[in-house]
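K.L.:
Modelling step: build the complete structure from the supplied sequences, incorporating the hints.
The lines below spell out each chain.
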Amino acid sequence: MLKRLTAFLVIIFIVTQIPCFAADENQYKKHPGYVDFSKIQIPRDAEETVEVFLQSPILKIVAAVTESKDQALAKMLENLLLIRVNTFKLHPTETAKIVTEINRIENMLHKQKWEKIVRVKDKKDRANIFLKIDDNNRIAGLVVMAIDDDNEAVFVNIVGNIDMDQVAKVGKKFKIEGLEEIEPEK
Amino acid sequence: MRKNLKLKVGVLSLAAVLLFSGCVMVDRDFRLTRDEIFDSLNSLDLNTEVQFQIGAGLLSLGKFVTSFSNMNQDTRDMLREIHSLQIGVYQIENHRENLPPIPTKIERRLKQRGYLPIVKVKAKDENVWIFVKMRHRRLGAMYIISLDQEELVLVELKGNLGKLIEKAVRDQGFHKKELQAT
Numbered sequence: 019m020l021k022r023l024t025a026f027l028v029i030i031f032i033v034t035q036i037p038c039f040a041a042d043e044n045q046y047k048k049h050p051g052y053v054d055f056s057k058i059q060i061p062r063d064a065e066e067t068v069e070v071f072l073q074s075p076i077l078k079i080v081a082a083v084t085e086s087k088d089q090a091l092a093k094m095l096e097n098l099l100l101i102r103v104n105t106f107k108l109h110p111t112e113t114a115k116i117v118t119e120i121n122r123i124e125n126m127l128h129k130q131k132w133e134k135i136v137r138v139k140d141k142k143d144r145a146n147i148f149l150k151i152d153d154n155n156r157i158a159g160l161v162v163m164a165i166d167d168d169n170e171a172v173f174v175n176i177v178g179n180i181d182m183d184q185v186a187k188v189g190k191k192f193k194i195e196g197l198e199e200i201e202p203e204k
Numbered sequence: 481m482r483k484n485l486k487l488k489v490g491v492l493s494l495a496a497v498l499l500f501s502g503c504v505m506v507d508r509d510f511r512l513t514r515d516e517i518f519d520s521l522n523s524l525d526l527n528t529e530v531q532f533q534i535g536a537g538l539l540s541l542g543k544f545v546t547s548f549s550n551m552n553q554d555t556r557d558m559l560r561e562i563h564s565l566q567i568g569v570y571q572i573e574n575h576r577e578n579l580p581p582i583p584t585k586i587e588r589r590l591k592q593r594g595y596l597p598i599v600k601v602k603a604k605d606e607n608v609w610i611f612v613k614m615r616h617r618r619l620g621a622m623y624i625i626s627l628d629q630e631e632l633v634l635v636e637l638k639g640n641l642g643k644l645i646e647k648a649v650r651d652q653g654f655h656k657k658e659l660q661a662t
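These protein sequence lines are chains A and B, in that order. Numbered according to the numbering used here, the first sequence spans residues 19 to 204. Numbered according to the numbering used here, the second sequence spans residues 481 to 662.
Derived by calculation from the structure, the hints in this document are not laboratory data. Treat the hints with care, since some could be wrong.
Listed below are the simulated DSS-like cross-link pairs for lysine-lysine, each with C-alpha atoms no more than 30 Å apart in a straight line [unchecked claim]:
#, chain 1, residue 1, chain 2, residue 2
1, A, Lys134, A, Lys48
2, B, Lys613, A, Lys93
3, B, Lys591, A, Lys93
Owing to the predicted nature of the structure, the values given are computational and were not obtained by experimental measurement.
P.N.:
Here you go:
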């Protein structure tokens with residue numbers, strides 16, 4: 019009887035852990051700050067592509083390790099659900115296609131009521147930053163889409179409760195191009 | 481005579497520690513994941529070149545040796561958190577002109593085994609994917625797949641890998657040149 023009870027409790031314990039983690043894993047998809055970059059049409063001839071995908075469990079671990087050195091940054095990382103970065107090194111002839119992709123995503127973000135902060139460096143460098151404000155006036159999402167004069171395109175999506183004072187630090191910590199220079203309005 | 485016997489016992493004991501502490505052959509989990517990856521890369525003829533595990537015994541020996549080196553404390557702390565390292569290197573027999581992509585079904589299969597993808601790099605001459613697995617809400621394992629035109633390399637690290645990841649992200653960042661260097 020005791021063995022059966024123990025086995026039953028162990029099974030219940032294991033089963034309850036799985037939904038907790040599964041819920042963590044998919045929570046970001048339902049969040050208003052999430053943008054699905056998986057549908058970006060990457061040019062076939064793109065020389066190099068990098069995708070980094072840090073979900074909440076990983077970010078919590080990084081937060082725990084960062085806490086002793088920077089509490090504010092650690093707190094922000096704990097509240098994030100996802101940091102996703104896609105970068106492409108393009109052939110010069112492919113740049114126009116990525117600009118078309120950027121315009122398509124911009125239209126989609128406008129429809130979803132994202133706010134745009136445009137920073138155009140010069141004719142070749144282009145960086146568009148979008149913020150999603152939730153019903154509680156908090157920043158729930160951040161998107162950066164940028165192309166530089168080396169034909170490198172960067173797409174960044176940060177999902178969660180974002181503290182703009184810490185965004186540049188996240189950019190510096192993880193060396194995310196496009197984020198390092200974001201400074202909050204004072 | 482007594483000295484010879486002691487020497488034999490010593491050598492046999494060391495061999496037993498190496499063999500039975502998982503210090504040579506890869507474990508079942510690694511083999512199953514490897515087989516899933518092979519199955520997904522069924523267009524490639526893969527021939528095992530090297531496949532081994534460095535388990536707790538050898539790692540402890542390594543840590544002891546490195547304690548006398550000039551290695552910095554951060555690196556020593558990270559090494560202490562690694563409990564096992566398994567490596568497989570497989571030659572591609574049917575070379576191709578173009579680098580084969582890592583099939584996306586590998587990601588599905590590894591997710592089924594509890595791994596989460598964190599980095600994917602596709603360069604001209606190499607594709608690298610890095611996965612991690614949580615254990616009791618800690619980073620318990622890391623799986624690296626590297627594929628180029630000559631070979632497939634699989635690396636699995638187990639331990640308490642939070643500091644390792646944090647240092648890797650801090651030092652290498654998301655800049656692709658640094659990620660490729662890793």
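K.L.:
Now tell me, hint by hint, if it's right for this structure.
P.N.:
Okay, the hints, checked on the actual structure:
1. A distance of roughly 21 Å separates the Cα atoms of Lys134(A) and Lys48(A); the hinted pair therefore holds under the 30 Å criterion.
2. Distance hint between Lys613(B) and Lys93(A) is fulfilled; the C-alpha atoms sit about 23 Å from each other, no more than 30 Å.
3. A distance of roughly 28 Å separates the Cα atoms of Lys591(B) and Lys93(A); the hinted pair therefore holds under the 30 Å criterion.
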